[in-house]
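Protein chains: 2
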Amino acid sequence: MSIEAIAFIGGTGRQGLGLALRFAAAGAPVVIGSRVAERAVAAAETVRTAVPGASVRGSENAEAVARSKRLVLTFPFGGLASFLATGRAALAGKLVIDVIVPLAVRNGFFELAPVDGAASAGELIQQTVPAARVVSAFKNHSAETLQDIAAPLEGDVLLCGNDAGARAEVAALVGLLPGLRAVDAGGIANARYLEAITALLLNLNRRHKARASIAILGLPKP
Amino acid sequence: MSIEAIAFIGGTGRQGLGLALRFAAAGAPVVIGSRVAERAVAAAETVRTAVPGASVRGSENAEAVARSKRLVLTFPFGGLASFLATGRAALAGKLVIDVIVPLAVRNGFFELAPVDGAASAGELIQQTVPAARVVSAFKNHSAETLQDIAAPLEGDVLLCGNDAGARAEVAALVGLLPGLRAVDAGGIANARYLEAITALLLNLNRRHKARASIAILGLPKP
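Sequences listed follow chains A and B, in order.
If you read the first sequence in the numbering used here, its first letter stands for residue 1, the second for the next number, and so on.
If you read the second sequence in the numbering used here, its first letter stands for residue 1001, the second for the next number, and so on.
These are computed hints drawn from the structure, not numbers from a lab.
Each hint should be verified, as a subset may be incorrect.
[To be verified] Simulated pairs of lysine-lysine, PhoX-like, Cα-Cα distance not exceeding 20 Å:
| no. | chain 1 | residue 1 | chain 2 | residue 2 |
| --- | --- | --- | --- | --- |
| 1 | A | 209 | B | 1221 |
| 2 | A | 221 | B | 1209 |
| 3 | A | 94 | A | 69 |
| 4 | B | 1094 | B | 1069 |
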């Protein structure tokens, strides 16, 4: 595994910051991207404080995209259309890890919001940027747990994408994080199910006052 | 727990027969329903052979519905509309356990088929028969494993429905089956996510040559 930096686009949010913290703690160089450079720099400082010796820097999203070959999209679904409209050319050929889930809350019930033109955020990204190597992953772990860096992680990271090599790269990244197992879920069309699980877990979390994750039982040993 | 019989409507199919076998093996009286009485009787004989001493009988679906207070709907989604059109009045007031998943296969990919007028089979049933106590459950266990009665079961049975008492009844039924844990997933609107998990598991099974099930991690002990 190279130690090329992993750039978290929209990495000042809870999910992005949580993942950046975990990867920094695992020794991976990370870049925090934000629409506002000052916020990116502040978040990088947060990571550096939590993980002494971390290799981390903050930069404006567009610069982080331009300079990184491994991107993790961690901003809210509401920002996806404009991100793709302005940034799609810069994604071509890159590993694009999609952590986005189109969520809405109605009367306390978490539900998937419809995605215009696709069955999931992951599929929308891949359709919009055919030359990107999109892998949906990390959709089913609580942002709170990720940020709570003393809390052990557990469960499976389901990942899907149309490029088997890209899936293997993401599986190797998952392997950097103690407690997590990567599960290859095949093509990007499965992203809709990963996103459905997010909504279910949020409803379970609310009902059971938990930070649930999932495990797939019955798979053969790798 | 009373030992009132559990009637499996469409119980000659793989999922229904598998569940009937497991409940019969757990000592519960079961009824196998089929559109064709002779097939129901033959399936009951199959259960009796696999589970010596089982309390099991076969009957035509309509009779099984009329005579039972606990029904498990285990026929394919394609039969749901006509079942509800003719049988809805007989479901009022009853515990209706919905195991149906609207599935389609396209180019080897399992996907959810759209449900006319609802976001899931479970929601369609509850909407169509407001007086039934509908609980979606058992959607995420392989029919093959259920039928393979020597194989241990494992994983969680997510269940959802709008009637908390009905959910508790189903949780108690799950408790009869060694190796399984019931997880209360709240209202019936979550049925769409249980059904999504079925499609995901079928895709995982195909890819990994497995009979996968799921577990929810991080829930508080009951």
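Checked hints:
1. A:209 / B:1221: OK: residue 209 of chain A and residue 1221 of chain B at ~11 Å, within 20 Å.
2. A:221 / B:1209: Given that 20 Å is the threshold and the Cα spacing comes to 11 Å, the pair holds.
3. A:94 / A:69: holds, 5 Å
4. B:1094 / B:1069: Holds: residue 1094 of chain B and residue 1069 of chain B sit about 5 Å apart, inside 20 Å.
In this structure, none of the earlier numbered hints is contradicted; all agree with it.
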